[in-house]
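Asker: Residue-level listing of the chains:
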Amino acid sequence: MRLPPIPDADRTPEQQRVATAIAAGPRGDLRGPFNALLRSPVVAERVAVLGEYLRFNTSIPFDLNELAILVTGRAWDAQFEFYAHRLLALKAGLPDAIIQAIAEGRRPDAMTADQEMVYNFATELHRDRNASDASYARVKERFGEQGVIDLVAVMGYYSLVGMVLNVAGVPVPPGEPLPLKPLTKA
Amino acid sequence: MNRLRMAATLALALAASGPAWAQDLRFPTLAPEQMTEAQSRVAAAIAGGPRGRIAGPFNAWLRSPDIGDRLQRVGEGVRFKSSIPRDLNEFAILIVAREWTAQYEWYAHHRLAMEAGLPAAVAADLAQGRKPRQMSTDQALVYDFCMQLHRDHQVTDATFNAVKARFGEQGVIDLIAVSGYYVIVSMTLNTAQTQLPAGVAPPLPILRRRS
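Order-wise, the sequence lines are chains P and Y.
Take the first sequence: its letters are residues 822 to 1007, numbered as in our numbering.
Take the second sequence: its letters are residues 12 to 222, numbered as in our numbering.
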């Protein structure tokens, strides 16, 4: 691991303050990207506050939010992100077959209208760098302008998180298989 | 601050910012009097901070004011509190703009990059999708790190170690954070279809993407 957790004794007072604040929030600890992010405490603190909204306060229903995160984890080949959010997605009621298809880079077969809407929007934004008029209009119609922004923000935030996890080398827990296989690029 | 004073302060800040107010095809510009209290509070915080005005992604982000506020604080961190020297930080931002073909982002940050001393030839090559031919050691370091991050979603050990040796572990995180934050900005600008000011030609040619 390139940027492992910083032992308590080695933290600067600023790092300690930020670590305590993050652990006191709804996450409860520094798992995922936050041990690595602590190298830049101002960034760590502000990214954590952003992530809190996108995990716990977003206007997008939990299962659809996790669907967008999984598409993002796949787009960035972020193993830990996909591993961690697969569990949260299952807990939120997203069908395993959909998760498996995303992991394999396939379009899921059976999706509800809402799932398909989010899948299309997210896939287009990562792949084409923008959502089509049709996908944009559907999300706006269903969740309003706020929903569009919350969806874009969660995908962007988890792009940032995926970058941190990959560069820091945050591993999936011992014994867990890597959820993502390499895809052949078109 | 009460609502009226807030709206007045905001109207003043926006008047000062003039035509820089973003024009988004997909998100009509919010006038101060149309804003909810939460929206005008966040707009005032943005216009009253080091940016001094509302431009770029902020008109779109105000649709979800709580997220807009949290995003602008991350943005302030990666722009104004970074350990990465300003010219290199702006270079990293231009790389994101090129990768996402985010025209407005390139337009806004090209000026800032030039002010910070990034050579025009480096930016010009990047705009064309070429590896810049004449780069300093530091510029080449940032280029390799950021391009690997965007294209391969990972950096090599050699690149990681070189950035860590030069800018420390904080530098590594600051470089990733600025890259990630501007991915969020690019996604927003592209989704919002944020327009360039009238009379400005798109600075980035459309390239065939490699991935």
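Think of the hints as simulated: they come from the structure by calculation, not from any bench.
One or more of the hints may lead you astray.
[Stated by the list, open to error] Selected chain Y positions facing chain P (Cβ under 7 Å, derived; list incomplete):
1. 34
2. 36
3. 40
4. 77
5. 165
6. 195
[What the hints assert, rightly or not] To be clear about the criterion: a stretch of chain Y counts as covered by chain P if any three or more of its residues have a C-beta under 8 Å from a C-beta of chain P, and this derived list gives those stretches:
7. 49-56
8. 100-109
9. 131-144
10. 211-218
Everything numeric in this text was worked out from a predicted model, so none of it was measured.
Glycine included, C-beta positions come from ideal geometry on N, C-alpha and C.
Asker: Give a verdict on every hint.
Answerer: The hints, checked one at a time:
1. 34: Since the shortest Cβ distance to chain P is 16 Å, the answer is violated.
2. 36: 10 Å, violated
3. 40: Violated, because the Cβ-Cβ distance from residue 40(Y) to chain P comes to roughly 13 Å (cut-off 7 Å).
4. 77: It holds, given that the least Cβ distance between residue 77(Y) and chain P is near 6 Å, below 7 Å.
5. 165: 5 Å, holds
6. 195: Holds - the Cβ of residue 195(Y) comes within 7 Å of chain P, reaching about 3 Å at its closest.
7. 49-56: That given contact is violated, which follows from only 0 residues of the region 49-56 of chain Y lying within Cβ reach (below 8 Å) of chain P.
8. 100-109: violated (count 0)
9. 131-144: It is violated, with 0 qualifying residues against the three required.
10. 211-218: Coverage by chain P is violated for the region 211-218 of chain Y (0 residues, Cβ < 8 Å).
Of the hints listed earlier, those the structure fails to meet are numbers 1, 2, 3, 7, 8, 9, 10, in rising order.
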